[in-house]
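Novice: Fit chain B to the given chain A structure using the hints.
Protein chains: 2
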Amino acid sequence: MIAKTPQPPYYAVIFTSTRTDVKKDYSEIAERMVDLAKVQPGFLGFESAREEIGISVSYWKDLESIGNWKKNLEHLTAQKMGKENWYKSYKTRIAKVERDYEYFKV
Amino acid sequence: MIAKTPQPPYYAVIFTSTRTDVKKDYSEIAERMVDLAKVQPGFLGFESAREEIGISVSYWKDLESIGNWKKNLEHLTAQKMGKENWYKSYKTRIAKVERDYEYFKV
Numbered sequence: 876m877i878a879k880t881p882q883p884p885y886y887a888v889i890f891t892s893t894r895t896d897v898k899k900d901y902s903e904i905a906e907r908m909v910d911l912a913k914v915q916p917g918f919l920g921f922e923s924a925r926e927e928i929g930i931s932v933s934y935w936k937d938l939e940s941i942g943n944w945k946k947n948l949e950h951l952t953a954q955k956m957g958k959e960n961w962y963k964s965y966k967t968r969i970a971k972v973e974r975d976y977e978y979f980k981v
Numbered sequence: 876m877i878a879k880t881p882q883p884p885y886y887a888v889i890f891t892s893t894r895t896d897v898k899k900d901y902s903e904i905a906e907r908m909v910d911l912a913k914v915q916p917g918f919l920g921f922e923s924a925r926e927e928i929g930i931s932v933s934y935w936k937d938l939e940s941i942g943n944w945k946k947n948l949e950h951l952t953a954q955k956m957g958k959e960n961w962y963k964s965y966k967t968r969i970a971k972v973e974r975d976y977e978y979f980k981v
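Residue numbers (our numbering), protein chains in the order written: chain A, 876 to 981; chain B, 876 to 981.
One or more hints might be untrue.
Computed cross-link-like contacts, DMTMM-like style, restricted to lysine to aspartate or glutamate with a CA-CA straight-line distance of at most 20 Å [claimed, not checked]:
| no. | chain 1 | residue 1 | chain 2 | residue 2 |
| --- | --- | --- | --- | --- |
| 1 | B | 946 | A | 975 |
| 2 | A | 966 | B | 977 |
| 3 | B | 971 | A | 975 |
| 4 | A | 980 | B | 927 |
| 5 | B | 936 | A | 973 |
| 6 | A | 980 | B | 959 |
| 7 | A | 879 | B | 927 |
| 8 | B | 980 | A | 973 |
| 9 | A | 971 | B | 959 |
| 10 | A | 936 | B | 937 |
| 11 | B | 936 | A | 975 |
| 12 | A | 946 | B | 975 |
Source of the hints: derived by calculation from the structure; they are not laboratory data.
With the rest of the complex left out, here is chain A (with noise of 0.2 Å):
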């Protein structure tokens, strides 16, 4: 789903990622990031597609709110198995959201 996120200005994390072949654990991990991050302080939405390349892009209200969920242990942890075992590169960009614009057919 497209996410409802608030007015701007609020912040986009922009995850882009290759995988390695490895599956193991993966999906069960991810998901759970998606549902920790849900309850942080600042989340506001996420949204993501894989197909030749990984794209996730969370939304939060403030860099504080993006600063403490990369210290959270859990996913400390999980950071670490990504580089390790899931993931062949990846970039993560920290943006602000200036402006945003929808469309919804009616």
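Specialist: Leaving out everything else, chain B in the frame of chain A:
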């Protein structure tokens, strides 16, 4: 591929969408728009993936480049076709990338 973008700051346009069942002309025009975007002044990179939703992120030098691309005549036609035919819903977010970091398995 993960886009090779320069040092921040730069801009990201995060385009999240859900599709209709209309397939006619979609792939051709979508590809053409990526090719056309690539030759616009200020274009820095592009990433895309689709599953339940589609996420396309294009990267730009500044807001002026984004404004010019939005007003490009061929792109305007494609935007109109997208609204009328291909997209059930979409959300566009303009965001300033303030920081990024990356990882590549050796």
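Novice: Are the hints correct? Go through all of them and say.
Specialist: Against the structure, the hints come out as follows:
Restraint check: the Cα-Cα separation between residue 946/B and residue 975/A comes to about 17 Å, which is no more than 20 Å; the hinted pair holds. Our distance criterion of 20 Å between C-alpha atoms is met by residue 966/A and residue 977/B, whose separation comes to about 4 Å. The straight-line distance between the Cα atoms of residue 971/B and residue 975/A is roughly 12 Å, inside the 20 Å bound, and the hint therefore holds. Distance check on the hinted pair: residue 980/A and residue 927/B sit about 17 Å apart at the alpha-carbon level, within 20 Å; holds.
Simply put, residue 936/B and residue 973/A have alpha-carbon atoms about 15 Å apart, close enough for the 20 Å limit, and the pair holds. The hinted pair formed by residue 980/A and residue 959/B meets the criterion: a straight-line CA distance of about 9 Å does not exceed 20 Å. A hinted pair counts as satisfied when its Cα atoms are at most 20 Å apart, and residue 879/A with residue 927/B qualifies at roughly 16 Å. Of the supplied pair hints, the one linking residue 980/B and residue 973/A is violated, its CA atoms being roughly 33 Å apart against a limit of 20 Å.
With a C-alpha separation of about 30 Å, the suggested pairing of residue 971/A with residue 959/B is violated against the 20 Å cut-off. Of the pairs offered as hints, the one joining residue 936/A and residue 937/B is violated, with about 23 Å between alpha carbons and a cut-off of 20 Å exceeded. Straight-line distance between C-alpha atoms of residue 936/B and residue 975/A comes to about 18 Å, which keeps the hinted pair within the 20 Å bound. For a cut-off of 20 Å, the pair hint linking residue 946/A to residue 975/B stands: about 17 Å separates their Cα positions.
In summary, the structure is inconsistent with hints 8, 9 and 10 from the numbered list given earlier, while agreeing with the others.
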